[in-house]
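Engineer: Take a look at the letters that make up each chain.
Protein chains: 2
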Amino acid sequence: MMDEIQKRLLNEVAGLHEVPEGAYNIRANGKSVGRNSTAHIDISTKEDGSGLVIRIQPGTKNESVHIPVVLSQSGLHEVVYNDFYIGDDCDVTIVAGCGIDNCGIQDSEHDGIHRFYVGKNSRVKYVEKHYGSGDGKGKRILNPGTEVYLQEGTQMEMEMVQIKGVDSTERKTYAEVAAGAKLLVRESLMTHGEQNAVSSYEVKLNGDGANADVISRSVARDSSYQKFDAKIVGNAPSSGHTECDAIIMDHARILAIPQLEANDIDAALVHEAAIGKIAGEQIMKLMTLGLTEKEAEEQIINGFLS
Amino acid sequence: MMDEIQKRLLNEVAGLHEVPEGAYNIRANGKSVGRNSTAHIDISTKEDGSGLVIRIQPGTKNESVHIPVVLSQSGLHEVVYNDFYIGDDCDVTIVAGCGIDNCGIQDSEHDGIHRFYVGKNSRVKYVEKHYGSGDGKGKRILNPGTEVYLQEGTQMEMEMVQIKGVDSTERKTYAEVAAGAKLLVRESLMTHGEQNAVSSYEVKLNGDGANADVISRSVARDSSYQKFDAKIVGNAPSSGHTECDAIIMDHARILAIPQLEANDIDAALVHEAAIGKIAGEQIMKLMTLGLTEKEAEEQIINGFLS
Chain V
1 MMDEIQKRLL NEVAGLHEVP EGAYNIRANG KSVGRNSTAH IDISTKEDGS
51 GLVIRIQPGT KNESVHIPVV LSQSGLHEVV YNDFYIGDDC DVTIVAGCGI
101 DNCGIQDSEH DGIHRFYVGK NSRVKYVEKH YGSGDGKGKR ILNPGTEVYL
151 QEGTQMEMEM VQIKGVDSTE RKTYAEVAAG AKLLVRESLM THGEQNAVSS
201 YEVKLNGDGA NADVISRSVA RDSSYQKFDA KIVGNAPSSG HTECDAIIMD
251 HARILAIPQL EANDIDAALV HEAAIGKIAG EQIMKLMTLG LTEKEAEEQI
301 INGFLS
Chain Y
1 MMDEIQKRLL NEVAGLHEVP EGAYNIRANG KSVGRNSTAH IDISTKEDGS
51 GLVIRIQPGT KNESVHIPVV LSQSGLHEVV YNDFYIGDDC DVTIVAGCGI
101 DNCGIQDSEH DGIHRFYVGK NSRVKYVEKH YGSGDGKGKR ILNPGTEVYL
151 QEGTQMEMEM VQIKGVDSTE RKTYAEVAAG AKLLVRESLM THGEQNAVSS
201 YEVKLNGDGA NADVISRSVA RDSSYQKFDA KIVGNAPSSG HTECDAIIMD
251 HARILAIPQL EANDIDAALV HEAAIGKIAG EQIMKLMTLG LTEKEAEEQI
301 INGFLS
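Sequences listed follow chains V and Y, in order. The letter at position 35 of the first sequence is residue 35 when you use the UniProt record's numbering, and the numbering goes up by one with no holes. The letter at position 298 of the second sequence is residue 298 when you use the UniProt record's numbering, and the numbering goes up by one with no holes.
Hints in this document: simulated from the structure, not taken from any laboratory. One should not assume that every hint holds.
Which copy is meant is left open, because identical chains are indistinguishable; a pair holds if it fits in one copy or across any two.
When the alpha-carbon atoms are kept at most 27 angstroms apart in a straight line, the in silico DSSO-like pairs for lysine-lysine are as follows [claimed, not checked]:
# : residue 1 : residue 2
1 : K125      : K61
2 : K227      : K172
3 : K285      : K227
4 : K231      : K172
The structure presented is a predicted model; accordingly, all values stated were derived computationally and were not measured.
For reference, chain V alone in the conformation it holds in the complex (with noise of 0.2 angstroms):
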């Protein structure tokens, strides 16, 4: 069902090299290749053909959902918009991604909107990678949007990287938290050649004892620009903290625009940002174990994104 290169590219976005266990979508240049349901997890194609409505019944443990997207197809352009119900009481692993392969001349394009509604005392952990590869002249664009919506008690960790080869990207993440919920994101973000990378979050502390966690790390080298943007807002008793660390290589250009907004003095938030070059001394120490200047280099870029 699938060629090569897009075995390849859903190896890259979910570390799949078959079908996974557990429910399953396969999306390979805007055709559904491939589909599991489970007994507790039921993936529909929404009626207006808009994307996928992914529903998690209260009580679902150690159960997971892959989803990955494919494209190796010059000139294709999609968004699709899959929701994310989820019930009370679930533990689940949520793996998403994108991988584009542009040989051709034109651009191509995929925008994902996933939405999570998750209930009350669940844990979710969510992964989702990009990844684009091909050396045609044809760009290679993701705009993903997330928006999240935990309910009490709830805790949901998000993995996002972006590591290789995605021309263009304007990710845009929404959350708001409940009482006692606690969000958790972890960003890796890498651009090189000219690649442009816009990444902001929102994230509403709206209940008592509501937590959120957001880390960013990123490497731009080149001449990519990265512009990152985050916000956290503090309506309630609660407590933020949001990092972002970025190395800076060659001609590359970075922005960090992070925003503390308290709205009840029992918010703590806070934020720590910093740009900076990989240390000079950091490179000649292993150099001196034997490693080339860029080798020690991509070491030093490896240890910091992962």
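Use these hints to put chain Y onto chain V, whose structure you have.
Structural biologist: Just chain Y now, with coordinates in the frame of chain V:
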């Protein structure tokens, strides 16, 4: 020449009980009520009457300029443009500041736009205090604008204080820092009642070894609102640090939007921000030493802002 209210304001904003030593210009209710130029420092009125020109000769050391402004008349609105030309190799202190007493029903407003052109290898200390008093319904409005152009090797230290009584303020500071020059900013801000304060900084590090350190400490009480907006731009091998610590009390709201923009691989930029309330333990500790809760709170705030 000045009445008791004006004298009290003058003391609050410039620490002056009488006419200061050195160069000065005292402005009261829209008119100059005293001026002194010295051998090295010339103060003159602009031809169009829009403000002052202050010229400090190269090599001027250990001298000071005071240009306080007091307003005690309700309904007065004024915009003043003061330009400072400071020669090479100077070491001077400049004290500005504005006090408004408004017992009337009309708003009183003073917008002072200060531009500093600082020559090479000079040291400048700039102190600016804003203060409001009076129980009239008319608002006390201060919108200071500050532009700073630092030539090579110069150091400028800015102390910006607004502790009390200003109903609305929009503070804008813009700076360009050349090679080897250094800008230090210490801002202390307190808002109460229904006050509104917006403070924005844009600092461009344009030369090799340029350095900026912008630190803001603020306390927002009652139903007041504060917005802090600091942007540091690294256009050269340079280092920048900005820190925003805020104490939130009562029903106040605070928004902090720092920005770091690195356009050079050798620009090292760091930001920290924290918003939170006074820790309960701190108050408890002072109360066991015999202070009332109110006194303990005041002592913590005073320590934090000084």
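Engineer: When no copy is specified for K125 and K61, does a C-alpha distance of 27 angstroms or less occur within a copy, between copies, both, or neither?
Structural biologist: within (12 angstroms within a copy, 64 angstroms between copies)
Engineer: At most 27 angstroms between alpha carbons: which applies to K231 and K172, within, between, both or neither?
Structural biologist: Both: 11 angstroms inside a chain and 22 angstroms across chains, each within 27 angstroms.
Engineer: Evaluate K285 and K227 at a C-alpha cut-off of 27 angstroms and name the case that applies: within, between, both or neither.
Structural biologist: neither (31 angstroms within a copy, 44 angstroms between copies)
Engineer: Measure nothing new, just compare the shortest in-copy and cross-copy C-alpha distances for K227 and K172 to 27 angstroms and report within, between, both or neither.
Structural biologist: Both ways: K227 and K172 sit 12 angstroms apart in one copy and 24 angstroms across, limit 27 angstroms.
Checked against the numbered hints above, the structure breaks only hint 3 and satisfies the rest.
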